[in-house]
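Student: Listed below are the residues making up each chain.
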Amino acid sequence: MFEITYEVVVFILGITAVLAAFGVILCASPIYCALYLIGNMVCFALLFLLFHAEFIAAAQIIIYAGAVMILFLFIIALLGGAKEIAEPSVQRSSAFAFVILLFGELLLAAGVEPTRPITGDLAPDVINAIGSAKAVGIELFSRHLIAFELASILLLIATVGIICLAKYSYLPARKPSK
Amino acid sequence: MGNQFVLIISASIFCIGTVGFLIRRNPLIMLMSVELMLNSVNFLLIGYSSILQTLDGQIFALIILTVAAAEVVVGLAIILTIFRTRHDLNVDHINVLKG
Amino acid sequence: MFSYAWLILALPLLGFIGLSWFGNKISKKQAGYAGCATVGLSFLVTLVVLSELLALEPEKRLGHVETLYQWVSSGSFKLDLAILIDPLSVFMFLIVTGVGFLIHVYSIEYMKGDPEYSRFFAYMNLFIFSMLLLVAAADFFFLIVGWALVGLASYLLIGFWKEKTSAVLAARKAFVMNVIGDVGMVIAALMIFQNFGSLSYMDVFSAAPDQFRSNDDTMVMITLLLLVGAFAKSAQIPLHTWLPDAMEGPTPVSALIHAATMVTAGVYLIARCHVLYELAPITMYLIAGVGALTAVFAGTMGMVQYDIKRVIAYSTMSQLGYMFLAVGIGVFSFGMFHLMTHAFFKALLFLSAGSVIHGLNGEQDIRKMGGLRFAMPLTHITFLVGAICLAGVPLTSGFFSKEAIIMSSFHAEMGNIVFWAMGVLTAGMTGFYIFRVYFYTFMGKSRNPEAHPHESPKIMAGPLLILAFFALVMGFSAHWVDQFLGPVFGVAAHHYEDSMLEAIVVLAGLGGILIAGIVYMTSKDKLEFAKQALAPVYDVLFNKYYIDEIYDFLIVKPVRAIGAFFEQKVEKEGIDYVVDQVGSQVRGISQGISFLQSGKIRTYALNMVVGMVAILLFVVFL
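Chains as they are written, first to last, in the numbering used here: chain X, 1 to 178; chain C, 1 to 99; chain H, 1 to 622.
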């Protein structure tokens, strides 16, 4: 009898995430790409749950799969999701070649045994005792405060950037030169 | 399920994202590929945060989440602005920066 | 028990938001009435609060902190959205909403011809809200928020006629001067937090006497920094130059902000923080000294100005000097009492002046006025009432409050003969300059035959009459004010009786009036020799002691010169050259290799991937 263990769930979710990722880059129509991307993100969120990162999982669902992807869908609806016909080109084949090389290298790197022993003191049960969100919060506002503040500045800059982009209309650019 | 699995899944999705960015001509899908790449890194960080029993990876992932959100919004705004002026969504036609 | 007191703040804020959102959708009339209604209702709520406060035992009236909710709670730092209800804040509420309401009503008519009517009332409501926040704050944080908002509202209102360059410049000057003060306040607040671990008045004032000895360095520093804010807001030397210029704004603005309310914020601040100031007698002496000096200084400048509003502006500075003198020598309730009477008679004077200006279609130069007592009988009476109150003619409100301060400046513990003499001197000058304006404006014959003065309509007359009434009778409430504010300051201030000194003060005031009468009622040529003799003094005074020029010479010019030097030598010949060279070299090289730039994103990305592969190769295999 096939038994559903923790490992099996993680394995199935991981494979699903990979398949969904393939969907993103292979579908001709942007709308399907976006849907596959949502699928990929949900798989990741579930994996995060299994890795005892409940807070990040929730953030992933709300921010990524929720807000960001809705934005994507809006833009697709606005610009029209024209299908794209794949045509072989030098760019295409060299891209495949180099990325396969990259993947091979990454796999080789993955084969190296970790040199660093397990050092942390926040085992899953410790985190569960204080609660994931609270643990992340304590960590974020104590040791990583500057990173947090920088992230807030980043968001501010992004906001200003969007306002500038949205506010000023630009003159038509130079005609595309082939 | 050890760290090898996390590494392999993460590497595969990173590479898939890279391919997507390189072969697609629709800027929206290119942006989605970038999201895939960022996500794979997040996955790696959180997987290792769980394995190494620290929270640093999660914090890092949270910051990446912020960066990704900002990046998507700015990216989409740029795409929209480009579309408004050119009515064309093929990145190969956008080469005003040609030297 | 006073949670409804939040309405006092909420109503003007509502008015501001409403008028700024829907201001252009409703008629002028509606906008004006809405603006008045919010302030009027807020005044009514204040009256309810007052009656409830009076029903309590005097010692139970203190320290009612009404918390709306806890805003920040981070470790030991807590910040509540709270207001403080005690006799001092209610006293200020009464002045701000009461006088504010009358001025709003007056503005309905005064601003009638202005196309941006609703914007004016929106700003006025914003100002009232900010001022109320300033006085209602229960901690230094919201005090500073209110403080800065008041500065903003003042900036917006001085520059209300934004097509007038001088108004915009005056607004900017006022804002910069005020921000100098804000910076002092913020540093003071940070020091307070560092020393007491809290920003709440209650915590700080109860801990201060135990924690610090008298004249402790930290305490002197904190009080001095707070004082920078107070001086800037209340136009005391050396941060006074913005107030006369602020007269570029509409007259109701001058009456509301630059006479009755905002400029008194500094006095309020010192009265509110009296616990801290009592721990720093050095600072108290400084306050009294600067106050007395400003009183004399502004009085002399007021004597020679020809712009009706500027004269009154200088008199405001001078009277504020009295208030600072009072709080500086420790008679806080006298300072607050003078603040109140001053609010009435100065608002009255400004509004009467506004009525004159309105009647003469914008004329502000008193040399072109004259004989208005026939054309504008009502304004004549109200201006006269304001003038006698300001000059301290016996039994008017100005007499009681000013006399109390001058008496204390001699007899009180921290008083001395110098302060007293300066007070008396100022009293004499006050009588002179205000009656000089009076004689110029209302007596004699019209100097400008083309002017056709007309009396102002009823809606403007109403506030004038009400203010005139209060300006005359409020002096008799001295005892009541003293008792009401007594618990806040620990002890009721002592009234000193000294008929000799009192007579001198009264005579000084009356003498000033008399001299003004003699000088301006007699014919011109007889005075010619006096004018010749006094010409140099006159020039110095008319040019405001050349303070603006001194600032220009000492600060602006050297900075400009240094700037010019650096621009030419360092910037153009040094840095720019290097930068230009870097630029042109890079340009030359990049022109050679620009063929690599295809302009295609995907090609660039592919290059990145190639680079990544190469680097990984290095990492994994080597």
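No wet-lab data here; the hints were simulated from the structure.
Worth double-checking, as some hints may not be accurate.
Below, in silico cross-link-like pairs of lysine-lysine (DSSO-like), each with a Cα-Cα straight-line distance of 27 Å or less [stated by the list, open to error]:
1. Lys25/H with Lys167/X
2. Lys600/H with Lys98/C
3. Lys458/H with Lys29/H
4. Lys60/H with Lys78/H
5. Lys173/H with Lys25/H
6. Lys458/H with Lys368/H
7. Lys83/X with Lys25/H
8. Lys134/X with Lys173/H
9. Lys600/H with Lys173/H
10. Lys167/X with Lys162/H
Covered stretches of chain C, as calculated for chain X (at least 3 residues, CB under 8 Å) [to be verified]:
11. 10 to 20
12. 28 to 35
Estimated spans, in silico, between C-beta atoms of each pair [as the list claims (entries may be wrong)]:
13. Ile146/X with Ser73/H: 29 to 35 Å
14. Ser73/H with Gly120/X: 29 to 35 Å
15. Ile157/X with Phe205/H: 41 to 47 Å
16. Val96/C with Leu224/H: 23 to 29 Å
17. Ile157/X with Leu224/H: 49 to 55 Å
18. Phe205/H with Phe141/X: 28 to 34 Å
19. Leu169/H with Ile146/X: 37 to 43 Å
20. Tyr577/H with Phe141/X: 44 to 50 Å
21. Tyr577/H with Ile153/X: 31 to 37 Å
22. Tyr577/H with Glu87/X: 29 to 35 Å
23. Glu573/H with Glu87/X: 56 to 62 Å
24. Ala110/X with Trp71/H: 45 to 51 Å
25. Ile153/X with Val176/H: 35 to 41 Å
26. Asn24/H with Phe141/X: 53 to 59 Å
Predicted, not measured: the structure shown is a model, and the values here were computed from it.
Beta carbons are placed, not taken as given, at the ideal position from N, Cα and C, and that holds for glycine.
Student: Confirm or reject each hint.
Tutor: Each hint, compared with the structure:
1. Lys25/H with Lys167/X: 25 Å, holds
2. Lys600/H with Lys98/C: 8 Å, holds
3. Lys458/H with Lys29/H: Holds, at about 16 Å.
4. Lys60/H with Lys78/H: Since the Cα atoms of Lys60/H and Lys78/H sit roughly 25 Å apart, the hinted pair holds (cutoff 27 Å).
5. Lys173/H with Lys25/H: 33 Å, violated
6. Lys458/H with Lys368/H: Holds - the C-alpha atoms of Lys368/H and Lys458/H are around 25 Å apart, at most 27 Å.
7. Lys83/X with Lys25/H: Violated, at roughly 48 Å.
8. Lys134/X with Lys173/H: Cα-Cα ~49 Å, so violated.
9. Lys600/H with Lys173/H: 52 Å, violated
10. Lys167/X with Lys162/H: Distance of about 25 Å is within 27 Å: holds.
11. 10 to 20: Satisfied; 10 residues make the cut.
12. 28 to 35: holds (count 6)
13. Ile146/X with Ser73/H: 29 to 35 Å: 22 Å, violated
14. Ser73/H with Gly120/X: 29 to 35 Å: 30 Å, holds
15. Ile157/X with Phe205/H: 41 to 47 Å: 42 Å, holds
16. Val96/C with Leu224/H: 23 to 29 Å: 59 Å, violated
17. Ile157/X with Leu224/H: 49 to 55 Å: Check failed, 39 Å falls outside 49 to 55 Å.
18. Phe205/H with Phe141/X: 28 to 34 Å: 32 Å, holds
19. Leu169/H with Ile146/X: 37 to 43 Å: 42 Å, holds
20. Tyr577/H with Phe141/X: 44 to 50 Å: Cβ of Tyr577/H to Cβ of Phe141/X: about 48 Å, so the range 44 to 50 Å holds.
21. Tyr577/H with Ile153/X: 31 to 37 Å: 34 Å, holds
22. Tyr577/H with Glu87/X: 29 to 35 Å: 52 Å, violated
23. Glu573/H with Glu87/X: 56 to 62 Å: With a Cβ separation near 58 Å, Glu573/H and Glu87/X satisfy 56 to 62 Å, so the hint holds.
24. Ala110/X with Trp71/H: 45 to 51 Å: Between Ala110/X and Trp71/H, where Cβ atoms are some 50 Å apart, the hint holds.
25. Ile153/X with Val176/H: 35 to 41 Å: 28 Å, violated
26. Asn24/H with Phe141/X: 53 to 59 Å: 45 Å, violated
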